[in-house]
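Residue numbers (the working numbering): 1 to 166.
Accuracy of the hints is not assured; some may be wrong.
[To be verified] Just the calculated beta-carbon pair ranges, DEER-fashion: (1) Glu-90 with Ala-145: 31 to 41 Å; (2) Glu-85 with Arg-144: 32 to 42 Å; (3) Arg-121 with Glu-85: 20 to 30 Å; (4) Val-9 with Ala-160: 27 to 37 Å; (5) Arg-64 with Ala-145: 33 to 43 Å; (6) Asp-148 with Glu-90: 37 to 47 Å.
Rather than coming from a laboratory, the hints here were simulated on the basis of the structure. Don't be surprised by glycine CBs; every beta carbon is placed ideally from N, CA and C.
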Amino acid sequence: MELLECTLVIDDLDEFVAALGELGDRHGVTVQAFDSRYVADRRHLERAVELADRAIDRDENVARDRAVEILLYAAGRRQIDRALEMGVDEGETQAVVLVDGDGDERAALEAVEDLTAFHGRTETLESRDDETLCDFFGVPDAERAATDAGLAALVRERVALLEVEK
Numbered sequence: 001m002e003l004l005e006c007t008l009v010i011d012d013l014d015e016f017v018a019a020l021g022e023l024g025d026r027h028g029v030t031v032q033a034f035d036s037r038y039v040a041d042r043r044h045l046e047r048a049v050e051l052a053d054r055a056i057d058r059d060e061n062v063a064r065d066r067a068v069e070i071l072l073y074a075a076g077r078r079q080i081d082r083a084l085e086m087g088v089d090e091g092e093t094q095a096v097v098l099v100d101g102d103g104d105e106r107a108a109l110e111a112v113e114d115l116t117a118f119h120g121r122t123e124t125l126e127s128r129d130d131e132t133l134c135d136f137f138g139v140p141d142a143e144r145a146a147t148d149a150g151l152a153a154l155v156r157e158r159v160a161l162l163e164v165e166k
């Protein structure tokens, strides 16, 4: 799995999503873009990919598209419309683009950088938004105070719990 932390400026979301899909098809990989405010850390997305692949292998997936299934697990939700909040939107977004698969991940990553929406690499995961993460994943202050686990671990726990809640 490769991650590209970047700034995206998206004029037409449907066009952008279609371009990511075409890049993925061309290079034999899955490409998914996330609003970085909703990504706890790299391990968060690694776990989402693992669980999405397991669901697909067991024929228990909700989405027909692997990129959407990964988004569902990353968001810790089974409803696609609720999980989409974690994705990118039109306008400027600090993003994390995930590229994963058996194909040429590096070439796909470089192709993402050639998209007109790409406006440069930035360290988006280093400046995560704890308040947004807590709100989106339903992590109350009392839970954070009651454990030594960091916020990223609590988010990953919610991703894993999605598997149990099915």
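*Has the hinted range 31 to 41 Å been met by the Cβ atoms of Glu-90 and Ala-145?*
holds, 37 Å
*Has the hinted range 20 to 30 Å been met by the Cβ atoms of Arg-121 and Glu-85?*
holds, 24 Å
*Do the Cβ positions of Glu-85 and Arg-144 conform to the proposed distance bound of 32 to 42 Å?*
21 Å Cβ-Cβ, so the 32 to 42 Å window is violated.
*Confirm or reject the claim that Asp-148 and Glu-90 have a C-beta distance inside 37 to 47 Å.*
holds, 40 Å
*Distance restraint evaluation - Val-9, Ala-160, Cβ atoms, bounds 27 to 37 Å*: holds, 34 Å
*Arg-64 versus Ala-145 beta-carbon gap, inside 33 to 43 Å or not*: holds, 41 Å
The structure shown violates just one earlier hint, number 2.
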